[in-house]
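Once you've looked at the hints, dock chain B against the given chain A.
2 protein chains.
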Amino acid sequence: MSQRTAVDLNKSYLLLNHGPVTLVSSAAGARRNVMAASWAMPLDFDPPKVAVVIDRSTLTRELVEASGEFVLNIPSLRIAETVLRAGSVSGREGDKLAALKITTSPASAVGAPLVEGCLGWLECRVIPEPENQRKYDLFVAEVVAAWADPTVFSNGRWSFQEEGKRTIHYRAGGHFFATGDGFEV
Amino acid sequence: MSQRTAVDLNKSYLLLNHGPVTLVSSAAGARRNVMAASWAMPLDFDPPKVAVVIDRSTLTRELVEASGEFVLNIPSLRIAETVLRAGSVSGREGDKLAALKITTSPASAVGAPLVEGCLGWLECRVIPEPENQRKYDLFVAEVVAAWADPTVFSNGRWSFQEEGKRTIHYRAGGHFFATGDGFEV
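Respectively, the protein sequence lines represent chains A and B.
Our numbering runs 166 ahead of the 1-based position in the first sequence.
Our numbering runs 166 ahead of the 1-based position in the second sequence.
Just chain A, same shape as in the assembly (with noise of 0.2 Å):
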């Protein structure tokens, strides 16, 4: 099982300021689902809030639209293949996490699932602006709850150490790029 630690709602967006590819997993009834996203991004601080596209087309934008919830999971480079297949694959042909093998973990404040060999999780409530979704496939929600790793995030900080144990950055086509070394300026 991943480890995990809870994150300070006000520096929950550190977790994703640096861009990195997201999975959002979702959950409605008994259906759930997963899926790539690389258009997610802060929108503020405190309470933090979050936005990410979610395609029409996608079993994700319906659970998503029924239940008002979806969580941000920040894969590690070692769960790439996953995270491509996760993206190229439809949840309408069938469960697509049994399918990818992926396990998952209960959430604390919302139905959709936490997925296993990520490194960070924003727990999100969808706020609904009916308006962004028609026209943008575009959701604002708030984070509720956050964790991480905290071998590779603590304090507010990123620090990777290990070459699988790192976020990664979606090009296309099946190429990443793994987030890179640190520096400071």
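Hints were generated in silico from the structure; no laboratory data involved.
Values in this document were obtained by computation on a predicted structure and should not be read as measured data.
A few of these clues could be false.
You can't tell identical chains apart in this list, so a pair holds if it fits in one copy or across any two.
[Unchecked claim] The calculated DSSO-like cross-link candidates involving lysine-lysine, where the alpha carbons are at most 27 Å apart (straight line), are:
| no. | residue 1 | residue 2 |
| --- | --- | --- |
| 1 | Lys-301 | Lys-215 |
| 2 | Lys-262 | Lys-331 |
| 3 | Lys-215 | Lys-331 |
| 4 | Lys-177 | Lys-301 |
| 5 | Lys-177 | Lys-267 |
What follows is chain B alone, placed relative to chain A:
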């Protein structure tokens, strides 16, 4: 002067897809400014759109609202210190570009300038969304022209060889990550 070749509009989202920090440049009348923004992301492919958070307290906000235009410049590691200072100083205290010794070139379709020392440029025209601007400081814009340094971006693909000539990601407090190694799964 930065090398620069046109990027096809339908590939322009690839400049921003991996979540680099940006510089937002703006101009209205005789005034101009530049600020750092990590909270920027693609919003659509074709026509390409972006979303970016521009705080209501900034001079950039005033110039973007007056002109309806801005440029998202994607800086290189080499100018990280300028990015930090552009995010720390207000343009209300005097011409920030002059103070930071930032040189610019004219854009092709908007009045805001292109910042030298960057690797990619997205010329953007605001799609007015007064509610998003007021409630979330969130601007939606259409990308009307895009450019990249052809030594690091061609055929819709970033390819970084030199240490100083790569994109960067902002953490907080003067700390950045370089964009790391590319890999394919």
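Checking each numbered hint in turn, tell me which of them this model violates, lowest number first. 5
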